[in-house]
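Starting from the known structure of chain A, fit chain B onto it as the hints suggest.
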Amino acid sequence: MTHALTTALLTAPVAGPLLASAAYAARRRPARAAGGPAAWLGLLSPLTILLCGAALAVTVPAHGAATAYGRMLRADALSVWMLLAIGAVATLACAASPGYLAREDADPPTVRRYHVLVHAFLAAMSAAVLAANLGVLWTAIEATTILTAFLVGHRRTRACVEAAWKYVVICSAGIALAFLGTVLLYYAARQAGISEASALDWPALAARADRLDPAVVRLGTGLVVLGFGAKAGLAPLHAWLPDAYGQAPAPVAALMSGVLSSVAFTGLLRYKVIADAALGSGYTRVLLAGLALLTLALAAALLLGQRDHQRMLAYSSMEHMALIALGAAVGTPLAAVAVLLHILGHGLAKTVAFCASGHIVRLRGTSRIGRVRGLLAEAPALGTAFALAVIALLGLPPFALFAAELGLARAGFAAGPYCAAALAAALALVLTSFAALGIRTARMLLGPPPGGRPPVRLGAVAGLPLAAGLLGCAALGTATGPLTRLLTAAAAIIGGH
Amino acid sequence: MNDAVYTQLLDLACGAFLLAAVVVLWLRQLASIVRVFALQGVALAAVAALLGTYDRRWEVLAVATGIGVLRAGLLPLLMRRALTALAPAPGHPYEEDVSEARETEPLVNVAASLLSAALLTLLAYAVARPLVELNPTPATRALPVGLAVVLIGFFTLVTRRRALAQVVGFLLLDNGITATAFLAASGVPLIVELGVSFDVLLAVLVLRILTTRMRAAFGGTGLDDMRELSDR
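Protein sequences, first through last, are from chains A and B.
So in the working numbering, spot 99 of the first sequence is number 99, and the numbers just go up one at a time.
So in the working numbering, spot 140 of the second sequence is number 140, and the numbers just go up one at a time.
Chain A on its own, in the form it takes in the complex:
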């Protein structure tokens, strides 16, 4: 592959959304109608990410990691897998956006701000997965916090302001800890004789990690796990998550839950590779498994008493991130494949669930579970989409999460008595969440429709993204097809031992 083409493929996922953001910002008089044809131009930037991801998915497993701009940007199989996840989820979320804005009856400045921020947010996520330098990776992830702050607080109600404040304060402080960890790692690298230019460069660090001072790496890694864990929704710094997902516009909640949390988690996985090479895999395994079990327990407890369906989905995100963390803790090649499959499958299913949940809020004017009854009878298409999304999230076949959780279970029980014990505990907690989520969803779906109104149609524009997400998730659960080589290559990066 020529150098120019590689450069273009690595630049476009960042530059494309940035251009889209700038174009929305520069437009003097935004179209009055939120759902006009101009609104669909917003699909160009996520499609750019998806196409670049697809092109790189062909070349990277065959030719190895691609770099551009003197190794500033670097795409290995893991980055490409995440680019595909960002592209897929963002395409669905951006396709759902015009409909969401039209229903909200948002005024033109709000619409414009929404698009400017969403596309800049996509650019920051792409930059985070493509950055070779750990400092740049950190900067990009902190930028996502800043960019999404006003998306979470877009309505200016008391609840929105509260959610946005908690989100910015907890995430910024949490991720500051990750930066402290990065600084300590940089110190260890400099003392190990790595030059200033490559002391934060991930490939260079990973290659020479065995020379780093173990005590300093241990301290730094602990801070990084806490910090990026905060952004990924792992305990103990998770308190922002249900509020932010509950108040954000549905497509933004889908983006944050579906990909932002896993982008932060893949950042963590990069540090884990370094820590494992410097310390052996025991340290990160105990740390991640402990946090994962704590998060699972919290999520299960809060799901049991949940009365709000958007918050219910938020706690389900915590549960899934905990399972992903558990898979990373197990760390065998099979577990690594399960982690990656889980990331993409969860992203697609959660996007559909949040978008459907947004439609339900619009339909019934509330997000209380108790006030949503007879959804299947009142809005058959919407009810079915929500039901299928929850079935996917519960980890039932044919969806990708079934394959992922099965892989995790097999890998965990094969990896020794401690992993098996942790997995057994996790399984009990997952079954609790399973019951809580299932019962609440059934309550919303079943029953007679209120007031004997005629069935509400969802419409093709709103229904298409939901159907596409569910189909994608089911296809991924059946066969990985052309993605198999990429998946194996990406798994080799994070499960190398």
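Hints were generated in silico from the structure; no laboratory data involved.
Owing to the predicted nature of the structure, the values given are computational and were not obtained by experimental measurement.
Think of the CB as a built atom: it goes at the ideal place given N, C-alpha and C, for glycine as much as any other residue.
Just to be clear, a hint being listed does not mean it is correct.
To be verified - In silico contact screen, one side only, chain B against chain A (beta carbon under 8 Å); selected entries:
# : residue
1 : 130
2 : 132
3 : 173
4 : 181
5 : 185
6 : 203
7 : 207
8 : 213
9 : 229
Chain B alone, transformed into the frame defined by chain A:
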């Protein structure tokens, strides 16, 4: 500059840096807190400038200047603006009572806060032992000071119940990390330092806008008023 003078000056700057963080815990008037925070920024810039001069690395001096401008000038200015925006109109009948300018009810009172600061500093020294042992120089021996300020910043963030006091806690945390970076390795690479500073600046701007919205929505910036969202 000979070694003894360098070590003394460095220790002096680090001492001032730590003292500023403790004084933030001691004060209650938000305006004074912001002033002390600006002084801490000066101390931080001095630490960076000393390291740059001693190693004769002029790019570090340039970064030190940038840090001084941002942390002793721009950020305190933004905080002061936010304070004036929140202050009630002069002549307001309850000017004293509704004043946004005081941290009235921290979760931990001042005496206990100061005691905690002492304990956190001890903790920082204990935690930083492997860091100092890796390469004992005058700079890395002062490294626990950076970590202590990080911990005090976190403590401020958790215990203060005024929005702006929390922002100061976040900024203390950030100053502590920057100090750690300088004392450990003369600062992170320039591109990272630029990115981090830009992010911090934007985060403070975002928080400032949110405090204005908070005042509009809740009638004040006390964080205990925010009870809209819970699981029950």
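Quiz prompt | Status of the hint placing residue 185 (chain B) at chain A (closest C-beta pair under 8 Å) | solution = Interface hint status for residue 185 (chain B): holds (5 Å vs cutoff 8 Å).
Practice problem: Please verify that hint: residue 181 (chain B), Cβ, nearest Cβ of chain A, below 8 Å or not. | Solution: 4 Å, holds
Quiz prompt | Satisfaction of the residue 173 (chain B) interface hint, Cβ to chain A closer than 8 Å | solution = 5 Å, holds
Quiz item: Would the stated hint for residue 132 (chain B) survive a check requiring a Cβ distance to chain A of less than 8 Å?
Solution: Constraint on residue 132 (chain B) not satisfied, violated at 10 Å.
Practice problem: Double-check residue 213 (chain B) for me: the hint is only fine if its C-beta lies closer than 8 Å to a C-beta in chain A. | Solution: 5 Å, holds
Exercise. Hold the hint about residue 130 (chain B) up to the distance rule: shortest CB distance to chain A must be less than 8 Å.
Key: 3 Å, holds
Self-check item: Hint check: 8 Å Cβ-Cβ cutoff, residue 203 (chain B) to chain A
Solution: 5 Å, holds
Exercise. Report holds or violated for the interface hint on residue 229 (chain B), using the least CB-CB distance to chain A and a cut-off of 8 Å.
Key: 5 Å, holds
Self-check item: Interface hint outcome for residue 207 (chain B) [beta carbon to chain A under 8 Å]
Solution: 6 Å, holds
When each numbered hint is compared with the structure, a violation occurs for hint 2 only.
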